[in-house]
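**Student:** Read off the chains here:
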Amino acid sequence: MTTLRLRAARRIHPPLKLTVAVAVVAWLIAWFAEAPLSDWLTFSVLGLQRGSHFGEAVGFFLLDVPKVLLLLVGIITVVTLIRGFFPPEKVRSALAGRGNVAGSAAAASFGIVTPFCSCSAVPLFIGFVEAGIPLGVTFAFLISSPMVNEVALVLLWGLFGPGIALVYMAAGLTVAMIGGLVIGRLHMERFVEDYVWALQGKGGTAIEIHLSWEDRIHDAWAYTRDLVKRITPYLLIGISIGALIHGYAPTDLVAAIGGRSNPFAVPIVVLIALPLYSNAAGTIPIVQALLGKGMPMGTTLAFMMAITAISLPEFIILRRVIKWQLIAVFATVVTIGVLFVGYLFNFLIA
Amino acid sequence: MKTIEVLGPGCANCVRLEKNTREAVALAGIDAQITKVTDYAQIMAYGIMSTPGLVIDGRVVSYGRVPSAGDIAAWLTER
Numbered sequence: 149m150t151t152l153r154l155r156a157a158r159r160i161h162p163p164l165k166l167t168v169a170v171a172v173v174a175w176l177i178a179w180f181a182e183a184p185l186s187d188w189l190t191f192s193v194l195g196l197q198r199g200s201h202f203g204e205a206v207g208f209f210l211l212d213v214p215k216v217l218l219l220l221v222g223i224i225t226v227v228t229l230i231r232g233f234f235p236p237e238k239v240r241s242a243l244a245g246r247g248n249v250a251g252s253a254a255a256a257s258f259g260i261v262t263p264f265c266s267c268s269a270v271p272l273f274i275g276f277v278e279a280g281i282p283l284g285v286t287f288a289f290l291i292s293s294p295m296v297n298e299v300a301l302v303l304l305w306g307l308f309g310p311g312i313a314l315v316y317m318a319a320g321l322t323v324a325m326i327g328g329l330v331i332g333r334l335h336m337e338r339f340v341e342d343y344v345w346a347l348q349g350k351g352g353t354a355i356e357i358h359l360s361w362e363d364r365i366h367d368a369w370a371y372t373r374d375l376v377k378r379i380t381p382y383l384l385i386g387i388s389i390g391a392l393i394h395g396y397a398p399t400d401l402v403a404a405i406g407g408r409s410n411p412f413a414v415p416i417v418v419l420i421a422l423p424l425y426s427n428a429a430g431t432i433p434i435v436q437a438l439l440g441k442g443m444p445m446g447t448t449l450a451f452m453m454a455i456t457a458i459s460l461p462e463f464i465i466l467r468r469v470i471k472w473q474l475i476a477v478f479a480t481v482v483t484i485g486v487l488f489v490g491y492l493f494n495f496l497i498a
Numbered sequence: 875m876k877t878i879e880v881l882g883p884g885c886a887n888c889v890r891l892e893k894n895t896r897e898a899v900a901l902a903g904i905d906a907q908i909t910k911v912t913d914y915a916q917i918m919a920y921g922i923m924s925t926p927g928l929v930i931d932g933r934v935v936s937y938g939r940v941p942s943a944g945d946i947a948a949w950l951t952e953r
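Residue numbers (our numbering), protein chains in the order written: chain A, 149 to 498; chain B, 875 to 953.
Any given hint could be a false lead.
Said to hold, decoys possible - Cross-link-like lysine-lysine pairs, in silico, DSSO-like; alpha carbons within 30 Å at most:
id: 1; chain 1: B; residue 1: 876; chain 2: A; residue 2: 350
id: 2; chain 1: A; residue 1: 471; chain 2: A; residue 2: 238
id: 3; chain 1: A; residue 1: 215; chain 2: A; residue 2: 165
id: 4; chain 1: B; residue 1: 876; chain 2: B; residue 2: 910
id: 5; chain 1: B; residue 1: 893; chain 2: B; residue 2: 876
id: 6; chain 1: B; residue 1: 893; chain 2: B; residue 2: 910
id: 7; chain 1: A; residue 1: 238; chain 2: A; residue 2: 377
id: 8; chain 1: A; residue 1: 441; chain 2: A; residue 2: 215
id: 9; chain 1: A; residue 1: 350; chain 2: A; residue 2: 471
id: 10; chain 1: B; residue 1: 910; chain 2: A; residue 2: 350
id: 11; chain 1: A; residue 1: 350; chain 2: A; residue 2: 238
id: 12; chain 1: A; residue 1: 377; chain 2: A; residue 2: 165
id: 13; chain 1: A; residue 1: 215; chain 2: A; residue 2: 377
id: 14; chain 1: B; residue 1: 876; chain 2: A; residue 2: 165
id: 15; chain 1: A; residue 1: 471; chain 2: B; residue 2: 910
id: 16; chain 1: B; residue 1: 876; chain 2: A; residue 2: 377
id: 17; chain 1: A; residue 1: 377; chain 2: B; residue 2: 893
id: 18; chain 1: A; residue 1: 238; chain 2: B; residue 2: 910
In short, the hints are calculated from the structure, not lab data.
All chains should be built: construct the whole structure from the sequences, respecting the hints.
**Tutor:** See below:
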């Protein structure tokens with residue numbers, strides 16, 4: 149890749165290193181002060197009863213909202229900064245020459261760092277097809293992108309520790325890879341819109357543009373601000389539902405529906421989750437509360453994956469590049485994959 | 875006279891880039907024609923997948939980010 153270097157405009161800003169240092173220190177102070185502060189607020193200032201339904205629900209809410217927001221702001225800034233070095237244009241050239249298996253694995257992993265949004269999905273899909281990347285490999289990316297992403301991993305890591313985050317990542321990548329391989333085998337090429345095929349081989353090659361650290365940090369921060377603003381409503385709803393479950397849902401009921409004794413727990417929660425749509429940020433607080441009520445890991449993961457990976461808004465976006473038949477196959481393959489993951493992890497994590 | 879193309883299907887960032895570009899043209903005090911390119915075939919022809927992209931006189935100067943009006947003005951007055 150040739151690199152284009154451009155002169156930047158003269159800016160008057162506080163020194164970059166100082167700004168970064170102040171931001172890091174402020175974040176750390178907030179992170180450590182957050183739990184005692186929210187505890188004090190719930191049980192001393194508001195005077196709520198420890199152990200009461202309402203007190204526990206409010207405590208969960210006040211503890212989780214700032215904690216999750218801090219995690220998102222801190223880690224997404226860092227992840228976005230790193231992602232800046234791997235633009236999709238570069239990844240596409242890396243994927244282009246690969247076979248189905250290696251390609252699906254690489255595409256699924258690439259889905260981790262790429263957020264799925266209406267702006268990026270269609271150009272990425274067209275760009276992949278244009279470069280001659282097999283359809284199955286493209287789908288491995290489409291499955292993994294909304295399901296396994298940095299927001300999900302950061303939240304799982306922060307709330308439950310690295311074990312569960314890595315398990316979720318492995319499960320999501322497995323579903324995406326196998327889904328991609330299966331769709332590749334089904335030869336669904338005729339269900340891609342004709343105008344997409346017409347573009348194949350007509351694209352140019354992007355040149356690499358040199359960015360300064362200041363540009364990169366500025367971009368990462370702008371992106372994080374946008375993203376946090378966009379997912380905050382989901383987060384507040386998710387945390388509220390999580391708080392209600394945490395404070396009020398009887399453990400017996402959760403156990404009866406989702407517990408180990410019910411062999412159909414996985415399909416039941418997946419059926420409940422299919423029509424629901426939220427992103428990872430809104431789903432994880434609910435997951436947190438369900439796990440707290442004793443729902444097994446596999447069942448909970450299946451619930452979360454079904455909510456994030458299968459959604460009507462995503463299908464409407466994809467309809468611009470593929471036909472309904474292929475969307476139906478996509479939904480079916482992912483659902484089967486999610487059911488499989490649910491049973492597998494219930495079996496593995498006893 | 876500069877030709878400027880703003881590449882993007884019309885998402886929030888594309889709108890922001892167009893606004894910055896108009897500001898930059900005013901800032902640089904030059905004569906420029908700004909075109910919005912929403913057709914995927916034309917965007918792909920530049921090899922770009924991460925929108926929005928900015929093309930000045932046929933040369934891609936930025937993609938996948940929203941440069942500031944100041945930066946764009948500096949690129950416009952380059953050379």
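**Student:** Which numbered hints are broken by the structure, listed smallest first?
**Tutor:** 14 and 16
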